[in-house]
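Visitor: What follows is the residue order along each chain.
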Amino acid sequence: MINMFHVYKNYDGISALTDITLKIDKGEFVFITGVSGAGKSTLLKLILYTEKPTQGQIIIGGKNMSRFKPREIPYFRRKIGFVFQDFKLLNNKTVFDNIALALRITGMDNRDINKRVLKVLSYLGLQHRANFKPLTLSGGEQQRVAIARALAKEPTILLADEPTGNLDPERAIDIINLFNDINARGTTVVVATHDKYLIDRFNKRAILLDKGMVAN
Amino acid sequence: MNYLRWLVYFVSEAFQNIKANIVTSIVTIATIAISLAICGLFLGIFINLSNMLISMGSQIQVIAYMRDDISVDAISNIKRDAAVMPEVESLEYISKEMAFSVFKEELKGQKGILEGLGATPFPASLEIKVKELFRTPQGIRGLISKLKITGGIEDVQYGQEWLNRFFAFIRFVEVFALIIGGFLILATIFIVSNTIKLAVYARREEIEILGLMGATGIFIKAPFLIEGIVEGFLGANLAIGLLYTVREVLILKTSMIFTSLVDLPVSTTYFMCGLIAGGIFLGILGSSISLRKSFSLLS
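Sequences listed follow chains E and B, in order. Here the first sequence stands for residues 25 to 240, numbered as in my numbering. Here the second sequence stands for residues 2 to 300, numbered as in my numbering.
Worth flagging that the hints you see were computed from the coordinates, not collected in a lab. There may be inaccurate statements among the hints.
[Unchecked claim] Listed below are the simulated DSS-like cross-link pairs for lysine-lysine, each with C-alpha atoms no more than 25 Å apart in a straight line: (1) Lys47/E with Lys228/E; (2) Lys198/B with Lys117/E; (3) Lys69/E with Lys50/E; (4) Lys117/E with Lys103/E; (5) Lys47/E with Lys103/E; (6) Lys20/B with Lys157/E; (7) Lys112/E with Lys97/B; (8) Lys143/E with Lys93/E; (9) Lys20/B with Lys132/B; (10) Lys112/E with Lys132/B; (11) Lys220/E with Lys69/E; (12) Lys69/E with Lys228/E; (13) Lys117/E with Lys149/B; (14) Lys76/E with Lys93/E; (15) Lys105/B with Lys132/B.
Next comes chain E alone, as it looks inside the complex:
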């Protein structure tokens, strides 16, 4: 599903990733781990194509990303769900509208949008929060809204960058359990975290980054 071959990423001459070669299979659940500044977020940004590699090849779903035309990028991103530590929700919109927006950009019919949003809200136990604004919710609930938004578009890959960073340990385990469930339904899940406890608790493959290089 995700293949990287000798990928390098530099920012103004400073190396963030060095000679990354890795393979993540379709339907796999993988942790990307390492200390802060190891390059975890950069790796996810390369997969989401918000950053381009300085050198090397990235192939996702059989497509070489270096051959992407600019107009193809939005359509590519619609197949990828993302969840960030800071949730990245639109605080002036309701929970329902935040999730609906991910579908609205695809041109989906309003009726289908309603159905799909209600389905993910109920899957995540958020039906009663549909008309709330994000800032009135707890951190755990906000993260579940972000996950609901990512899931609504039925992505083939789900990326999460420190999704539990702002949550207490119990809520963190809930979130990873949720990812596990999503993964069991066939979605490839890539979670970047520095939380060793979570990695030890969930017996999944972990790719350890150290100073921008794969260490294991």
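Start from chain E and add chain B according to the hints.
Guide: Here is chain B on its own, set in the frame of chain E:
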């Protein structure tokens, strides 16, 4: 169907954005209004000045004096030839007798001066009004050389010195208007784009999130552009109101002479449509420039 759905969504987003960022929106609308009002005021003054110059230009007249010994046939030939010249708007033949009687009329009360003058001492002449297109030094010189070719014309007068100064003044007004007008338009675009940039900057996170979710560029930009159109439209209407007030104050508070010289063409439909189109153009341009900057910043 998709397009209609999106259009409804973009318009509702644009109005929600205006409502949510009401202070920035009011600043943008006010900026557009003031900028357009200044441009409109300048344009009004320029139009008035041009009209004044055009009416002065219509007084340009060429007088062709005929030789004394010219025959009646030759006079009608010259009149016929001159009438079909492209430069000639209208012409009037003043015979020797007519010239003398006009002179006598002008000297009424001082008849003694005329005593001893037997026959009329004045030559017959053609008073020619020149078409607007040819009211230039070159155009008039062309007409004179054609008149001279006809034969029978002794002298041509057209106030050469006045004409040259008049056209130098027109050239100055045109260059001045071009420079000031260009500067005003650039300054307006700059101010408006920076004001809208503030609105875009305030929502940079929203732009980023939409981009990450896979929204196309047009989906992200359209609500901002519609917002620009709405703000431009409202700003232009406010500018029309401002100009109308200025005009009313001028009419009420100043003498009729001043009013007739400086009348802003606020009431004319084309001027209002022009201002509204200008406002919308400014709104779109301001949004586009600031969006392009923000996008390059985000990427």
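Visitor: Please go over all the hints and tell whether each is borne out by the structure.
Guide: Hint check:
{"no.": "1", "hint": "Lys47/E with Lys228/E", "result": "holds (15 Å)"}
{"no.": "2", "hint": "Lys198/B with Lys117/E", "result": "holds (22 Å)"}
{"no.": "3", "hint": "Lys69/E with Lys50/E", "result": "holds (19 Å)"}
{"no.": "4", "hint": "Lys117/E with Lys103/E", "result": "holds (23 Å)"}
{"no.": "5", "hint": "Lys47/E with Lys103/E", "result": "holds (18 Å)"}
{"no.": "6", "hint": "Lys20/B with Lys157/E", "result": "holds (17 Å)"}
{"no.": "7", "hint": "Lys112/E with Lys97/B", "result": "violated (95 Å)"}
{"no.": "8", "hint": "Lys143/E with Lys93/E", "result": "violated (34 Å)"}
{"no.": "9", "hint": "Lys20/B with Lys132/B", "result": "violated (56 Å)"}
{"no.": "10", "hint": "Lys112/E with Lys132/B", "result": "violated (70 Å)"}
{"no.": "11", "hint": "Lys220/E with Lys69/E", "result": "holds (22 Å)"}
{"no.": "12", "hint": "Lys69/E with Lys228/E", "result": "holds (22 Å)"}
{"no.": "13", "hint": "Lys117/E with Lys149/B", "result": "violated (83 Å)"}
{"no.": "14", "hint": "Lys76/E with Lys93/E", "result": "holds (13 Å)"}
{"no.": "15", "hint": "Lys105/B with Lys132/B", "result": "violated (31 Å)"}
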